[in-house]
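S.K.: Here the structure of chain A is known, so what remains is to put chain B in place on it, guided by the hints.
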Amino acid sequence: MRLTSTPLPADRVVLRQTARTAARSAALWGSLFGVMVASSAISYTQLYKTQAERQHLAVAFGSNHASSALFGPAPQLQTVAGFTVFKTSMTLMILGAIWGLLTSTRLLRGEEDAGRWELLLSGPTTRKGASGQALGGLAVGVATLWSITAVFTVVGGRYSKVDIAAAPGVFFALALVSTAVMFVAVGALTSQLASTRRQAAAYAGWLLGASYALRMVADAGVGLHGLIWLSPLGWVEQLRPLTGARPLALVPIVVFTAVVAFVAVRLAANRDVGAGILPDRARAAARTRLLFGQLGLTARLVRPTVVAWLCALATTGVVLGVIAKSAGMTISGSSVKTVFARLGAPGTGAESFLGVAFLIVAILVAFVAAGQVTATRVEEAQGRLDHLLVRPVSRVAWLAGRVGVAVVVVVAGGIVAGVATWLGAASQDAHVTIATLLDAGLNVVPPAICLVGIGVLTIGVWPQETSRIVYTVVGWSLLVEVLGGVTTASRWTADTSLFHQMAAAPAVSPNWTTGAAMVGIGAACAAIGAMAFHRRDLRGE
Amino acid sequence: MAAAKTTCTYSFRTQTLAAVRTEGLTKRYGTTDALRDLTLEVQRGEVLGYLGPNGAGKTTTIRLLLGLIRPTAGRAEILGVDCQHNPVEAHQHLAYVPGEANLWPGLTGAETLHLLGRVQGKVDVAYRDGLIARFELDADKKIRAYSKGNHQKVLLIGALMCRPDVLVLDEPTSGLDPLMEQAFRQCISEAKERGQTVFLSSHILSEVEALCDKVAILRNGRLVETGSLADMRHLSAVTVEVTFDGPAPDLAGVSGVSAVSANGPDVHLQVSGSVEPLMKALGGYHVTKLLSREPSLEELFLALYGGQDAADEHAVAG
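The listed protein sequences correspond, in order, to chains A and B.
If you want the numbering used here, it's the position in the first sequence, counting the first as 1, plus 4.
If you want the numbering used here, it's the position in the second sequence, counting the first as 1, plus 36.
Watch out, some of these pointers could steer you wrong.
DSSO-like cross-link-like pairs, simulated, lysine-lysine; straight-line CA separation at most 30 Å [claimed, not checked]:
{"hint": "1", "chain 1": "A", "residue 1": "K53", "chain 2": "A", "residue 2": "K165"}
{"hint": "2", "chain 1": "B", "residue 1": "K158", "chain 2": "B", "residue 2": "K177"}
{"hint": "3", "chain 1": "B", "residue 1": "K228", "chain 2": "B", "residue 2": "K158"}
{"hint": "4", "chain 1": "A", "residue 1": "K132", "chain 2": "B", "residue 2": "K184"}
{"hint": "5", "chain 1": "B", "residue 1": "K228", "chain 2": "B", "residue 2": "K184"}
{"hint": "6", "chain 1": "A", "residue 1": "K132", "chain 2": "B", "residue 2": "K178"}
Source of the hints: derived by calculation from the structure; they are not laboratory data.
The following block holds chain A by itself, in its conformation from the complex (with noise of 0.2 Å):
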């Protein structure tokens, strides 16, 4: 055989591989976020035509503290890029945070748990160096996926009734995929702090989930605004894009990337490669207990990562009930109402609030589903799987207890948001019942089990995909519900979203018919997919 490609100079070979990765990513994400900038503001256009109705929805959730503290402030409704920023800025801040972890983790400590890092450090390269070149790749993703989206932003924004000009629809896109440079830098980090990605993946997770709930409280209008400025999510917000640019504020989001990346690589280049900086007991006592067979195993396999779930729930649920009373007695103006009511919550006050809110919780609640459907088939694909089947244990029954598996930590994340949300609103009087509240925990349970039978049904038949259409399913329900509530879409693209048939609960009873028929078509999708597991190869990634 002779080569007739001309080898990478091998001082860039780990700048170029990481780019190429993070940049088809990217590509990808940053479709999506343009593709929401550009909807949400031409659909808005055609929503509310009239300056009066524009002013009304200004008026109505200008000041609105409930959609203050889920959204973000809400400045120039009465404009297109008011509204803009408004509808699609938390939503997208939070996307590119999460791509940006998870970008950075698999790309650093990912490789290095796989192995191949070593064999790129034994070229002529050295460990602060690859890494370096690491950030440097994910540099290169950050801006394929602030480009993307600028250029969908600003395409969209010539659209003669949107007219957003090039430079502050620039500047949006830069607002936008701030968090993701942020966060590629916390992946860096926690890269070398951690010893295995999941690790890493869960330390930046934290960072994330604290940061979004110092924003809440911040802007929940319960006069602690000064906590913004402990929150990166909050050095965004305060960027102001298309409703009064504040560029300055990009300070502290450029000293905090660069301090984060410089100790990320410092670190990198003084610790040894497979280790973490945070000790990792490389023994222990044996701890048998769970390990009684393969359904006990899969328990303790998912324990860590269920309880970090559970605990960030459970915070959720209690920054929701502790703004709830007041976020609920801001819901007055007739334009809110509307909208709350659009989004299946009629009325005012708590429980209003609430049907809304709990959207969150059912997509933290569908992602734990998601979580639970990957880290099944990585087993099959890592081929752990192999050391159980050969032994005698059935494919359907380890399939069986994996699921069942996760149907109980979906459905106690259910219970343990309810419960959350209610002593976060009875400290505050709200006066909403545990039973309500328990209620609404488990409506957001069906649509979580129906991702789970879809999930199975992947894995069963088309199994190297199965993370990546059980996370496009959560993204493409939660684009639907966010797009839904302002726009007109088809009731077929609505019915697509796992989310558009669940009750707004607890605004209203949960539907458990419906909920019955979420669960029985999630266990139609996974007695096929479970059909096709027994009959098909096991298969690696």
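M.R.: Okay, now just chain B, sitting in the frame of chain A:
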């Protein structure tokens, strides 16, 4: 020994169940035949060495035996139990060691062994502890902290501790140091003495030579040679070295003689079949030294594959 064919020369159907039996076992991926029409029996208590170059179909055979992949055609049984239709029952009788270990990184060695024992449903605890000592495994360490060799030790102990009727081993000693490899050989010898059956896929021919009663050789998904080592040696060329008192005669034309190379009075050659024609030819000369030896498994393997490669190249050229 019979020429290459798909049916094992030593396969025999008796009323007693074979430990491992395959019949027309075939696996196709798209247009690629990973395994073609494999018919093979391994009797109880036998140790079979399963040989072949990379990509020959060894691991495919093992994954079919384990029910991890589905055959395109044919069937496989472990102790009379169909591996595909009744894998749970089949697996009650066997244990498996893969060549590449990927265990749960957060568990310790002891926890992993405990889990594997519970899943298998039977463990000889005293034997397990003896194996841990023999393989010098630090069982309190987490899997992620183990070297490759230690991963392999956990898997070997996990398989042996259940004292299964059939051991299916796929490159089981990869990563083990020579001392641990010796310990492994000892364990397999003990298993053989206890009447356990071993299906050993390995690239280490000395290991196969030391442990196996029978050998099966795969090539491009087909079984090309099977038999005991003695059969294979008997039917294969014997290496002969002759030293003459004077110039060496030309022996290339003697029946059964091949690969003749002369260096002064020393001649190196190979004899297939009977040595009688060679001995008659040597009768007219003054021979000062005559050495003959049977081929090692490595020589058999290389000769077989070298010959096949040449044949393939010839076929392609033709």
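S.K.: For each hint, tell me whether it holds in the structure or not.
M.R.: Against the structure, the hints:
no.	hint	result
1	K53/A / K165/A	10 Å, holds
2	K158/B / K177/B	24 Å, holds
3	K228/B / K158/B	19 Å, holds
4	K132/A / K184/B	27 Å, holds
5	K228/B / K184/B	26 Å, holds
6	K132/A / K178/B	28 Å, holds
Checked against the numbered hints given earlier, this structure breaks none of them.
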